[in-house]
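> Below, each chain spelled out in residue letters.
There are 2 protein chains.
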Amino acid sequence: MAITVVGSVAFDSIETPAGKRERCLGGAATYFSLAASYFTNVRVIAVVGEDFGKRQEAVFQARGIDMRGIERAKGKSFFWEGSYMDDLNQAKTHITDLNVFAAFEPKIPEVYADSEFLFLANIDPVLQRRVREAMPKARMVAGDTMNYWIKDHKPALLEVLKELDVLLINDTEVRMLAGKDNLVQAARAVLAMGPSSLVVKHGEYGATLFHAAAAKGEQPKQTFRAPALPLDEVVDPTGAGDSFAGGFFGYLAAQPEITAASYRNAMFYGSVMGSFACERFGTERMQELSREEIDQRFKLFRELTHLD
Amino acid sequence: MAITVVGSVAFDSIETPAGKRERCLGGAATYFSLAASYFTNVRVIAVVGEDFGKRQEAVFQARGIDMRGIERAKGKSFFWEGSYMDDLNQAKTHITDLNVFAAFEPKIPEVYADSEFLFLANIDPVLQRRVREAMPKARMVAGDTMNYWIKDHKPALLEVLKELDVLLINDTEVRMLAGKDNLVQAARAVLAMGPSSLVVKHGEYGATLFHAAAAKGEQPKQTFRAPALPLDEVVDPTGAGDSFAGGFFGYLAAQPEITAASYRNAMFYGSVMGSFACERFGTERMQELSREEIDQRFKLFRELTHLD
Chain A
1 MAITVVGSVA
11 FDSIETPAGK
21 RERCLGGAAT
31 YFSLAASYFT
41 NVRVIAVVGE
51 DFGKRQEAVF
61 QARGIDMRGI
71 ERAKGKSFFW
81 EGSYMDDLNQ
91 AKTHITDLNV
101 FAAFEPKIPE
111 VYADSEFLFL
121 ANIDPVLQRR
131 VREAMPKARM
141 VAGDTMNYWI
151 KDHKPALLEV
161 LKELDVLLIN
171 DTEVRMLAGK
181 DNLVQAARAV
191 LAMGPSSLVV
201 KHGEYGATLF
211 HAAAAKGEQP
221 KQTFRAPALP
231 LDEVVDPTGA
241 GDSFAGGFFG
251 YLAAQPEITA
261 ASYRNAMFYG
271 SVMGSFACER
281 FGTERMQELS
291 REEIDQRFKL
301 FRELTHLD
Chain B
1001 MAITVVGSVA
1011 FDSIETPAGK
1021 RERCLGGAAT
1031 YFSLAASYFT
1041 NVRVIAVVGE
1051 DFGKRQEAVF
1061 QARGIDMRGI
1071 ERAKGKSFFW
1081 EGSYMDDLNQ
1091 AKTHITDLNV
1101 FAAFEPKIPE
1111 VYADSEFLFL
1121 ANIDPVLQRR
1131 VREAMPKARM
1141 VAGDTMNYWI
1151 KDHKPALLEV
1161 LKELDVLLIN
1171 DTEVRMLAGK
1181 DNLVQAARAV
1191 LAMGPSSLVV
1201 KHGEYGATLF
1211 HAAAAKGEQP
1221 KQTFRAPALP
1231 LDEVVDPTGA
1241 GDSFAGGFFG
1251 YLAAQPEITA
1261 ASYRNAMFYG
1271 SVMGSFACER
1281 FGTERMQELS
1291 REEIDQRFKL
1301 FRELTHLD
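Chains A and B are the protein sequences, given in the same order.
Everything in the first sequence is counted per the working numbering, starting at 1 for the first residue and increasing by one.
Everything in the second sequence is counted per the working numbering, starting at 1001 for the first residue and increasing by one.
Check each hint, because a few of them may be wrong.
[Said to hold, decoys possible] Straight-line distance between alpha carbons at most 20 Å, and here's what the computed EDC-like set of lysine to aspartate or glutamate pairs gives:
1) Lys180/A <-> Glu1279/B
2) Lys1299/B <-> Asp308/A
3) Lys180/A <-> Glu1015/B
4) Lys1299/B <-> Asp1232/B
5) Lys1221/B <-> Asp232/A
6) Lys1221/B <-> Glu1257/B
7) Lys1154/B <-> Asp1165/B
8) Lys180/A <-> Asp1086/B
9) Lys1092/B <-> Asp181/A
10) Lys180/A <-> Glu1233/B
11) Lys1221/B <-> Asp308/A
12) Lys20/A <-> Asp1181/B
13) Lys1180/B <-> Glu279/A
14) Lys1180/B <-> Asp86/A
15) Lys1020/B <-> Glu1233/B
16) Lys1180/B <-> Asp87/A
17) Lys221/A <-> Asp1308/B
18) Lys221/A <-> Glu1303/B
19) Lys180/A <-> Asp1087/B
20) Lys221/A <-> Asp1232/B
21) Lys1299/B <-> Glu303/A
22) Lys1180/B <-> Glu233/A
23) Lys1180/B <-> Asp232/A
24) Lys92/A <-> Asp1181/B
25) Lys1221/B <-> Glu303/A
26) Lys1020/B <-> Asp181/A
27) Lys180/A <-> Asp1232/B
28) Lys299/A <-> Glu1303/B
29) Lys162/A <-> Asp152/A
30) Lys1180/B <-> Glu15/A
31) Lys299/A <-> Asp1308/B
Because the hints were derived from the structure by calculation, they are not lab data.
Take these sequences, add in the hints, and give me the full structure.
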């Protein structure tokens, strides 16, 4: 089944202990699309500026990603500059230039309307909600958010949470959103806000999947933890979380039926795609994978925690 | 097979968001012994003061732990006071009174000499080495250490590392010992110092097992990650790491033969015992478990990461 994703397509300048790159292709929707494209068809809704050219287009085209929802606006694309010199788990932002993204009004191509899967990447919750409402055929909706929206736009965010089947956020965000330090208690509080499932990403320690209390007669779904592969070298963690989301949701969208086992496999595929993202700068690694390579790493992850 | 453990037996005063306890029974050797006692016979080498009475003795006796190596000295037992008010992952130490522990000279009862398993809990590496040398029949030796010894007693510690089959330390310690930030690189550097296996404990995120490069013709043992159970309430994390070590090494010591699969199960049993330790203050939970309860939780942990 096709996934439509709305979010940022951007340029990133990144410095890590492994080196430096100027103006790589980046943005949450970019990482998500590339990762999900190894599992299913992906359609993007975003806005870019005049600096988005043939080279950037080619990256999406090579992965068969539908770009008809990427609007070209006058001006420059969203630009982010950051570094991870002290701590690879924590980006330090130097510059955020919203540019054309500041006036982003998502426009949904008619050909996207039949998407049954919708991913709302980290953007203004008001826009997330608008896109969700404009796509009533989406039967499974997942989304992301960040500290900025939790802190300063909570009422709008709470409206979006009611619409979500799966919320994917990190440790700090779930604790901030719930106002609770204990992970299990924080997860329970966030699930009470609406999403039926919650994925908490722990960076180099993997991710945990929590489900809302099962409805009467329904089989309770267990909490599940996927490991992250201990990596020999983290070249650039930018986009790892969005790649996780792409692997997770892309795998789910490709299943004929979504069961408890699909969720578990999806958590592992999310971890797999997150680990690949860190191996090279920007989207470099995410552009050149093969499904075979992905499935090999899936097996490696399985071995990593498997008891006979 | 019996395990001999050398380390501290102490009194702890602890404050956590869940409450406060004055002078609970504590110490690394105490937690280790209690946890390991559910798997095999345990013998302790330690020193206590005149404040160690019938009530404390009864805790060891109830678990069938051999106390003939616990020396009674004039003065008070090791005392630690700490709190976890801001961060349950990080103890803040208020008081450390070494008392009789300051002059600890481990004395090994003759009846302990045939122990084939030896655990060197976190004490002065000079003493760890002395005990190891005095127990030549120990065919498998595991140990722990802490930042203080890594920082200020590194030469003595390096001598001990050469003697170890398994070193169990936490994230901060492995990075400090190796002088490397990347976990995999740090693990490799520490394995080059001597231990054939390394367990890195990640607190609420579980633990990772690394093995030194396999010798020629030997089957390579894979890196393995055990999850930690997301706990609804962490009452008191004191002793969780020592309880992990007790579950891990106790399980190994109870196996007729130690295989790659035994190591994997041992990692899970370590996580299981660490999770129990956090559920009540001090050793309260660790005193009253049953093997059935432990095996039930083992299954829960297995389910937590199991793919069909």
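> What's the verdict on Lys1180/B and Glu279/A, does the C-alpha distance respect the 20 Å limit or exceed it?
holds (18 Å)
> Take a quick look at whether Lys1020/B and Asp181/A sit within 20 Å of each other, Cα to Cα.
holds (19 Å)
> Is the straight-line distance between the alpha-carbon of Lys1180/B and that of Glu233/A 20 Å or less?
Holds. Lys1180/B to Glu233/A sits at ~11 Å (cutoff 20 Å).
> Would you check the hint for Lys1180/B and Glu15/A, treating anything up to 20 Å between C-alpha atoms as holding?
holds (19 Å)
> Would you mind confirming whether the straight-line C-alpha gap from Lys180/A to Asp1232/B stays at or under 20 Å?
Holds. Lys180/A to Asp1232/B sits at ~11 Å (cutoff 20 Å).
> Holds or violated: are the alpha carbons of Lys221/A and Glu1303/B at most 20 Å from each other?
holds (11 Å)
> For Lys180/A and Asp1087/B, compute the direct alpha-carbon distance and say whether it is at most 20 Å.
Cα-Cα ~12 Å, so holds.
> Has the given pair, Lys1180/B with Asp86/A, been kept, meaning a C-alpha gap of at most 20 Å?
This hinted pair holds, its Cα atoms lying about 12 Å apart.
> Next pair to validate is Lys20/A with Asp1181/B; report whether the Cα-Cα distance is within 20 Å.
holds (19 Å)
> Run the distance test for Lys180/A versus Glu1233/B: straight-line Cα separation, threshold 20 Å.
holds (11 Å)
> Quick one, are Lys299/A and Glu1303/B close enough, alpha carbons at most 20 Å?
Answer holds: Lys299/A to Glu1303/B is near 18 Å, not above 20 Å.
> Given the hinted pair Lys1180/B and Asp232/A, is their Cα-Cα distance within 20 Å?
Holds, because 11 Å separates the two Cα atoms, which is no more than 20 Å.
Every hint, counting from the list given before, is met by this structure.
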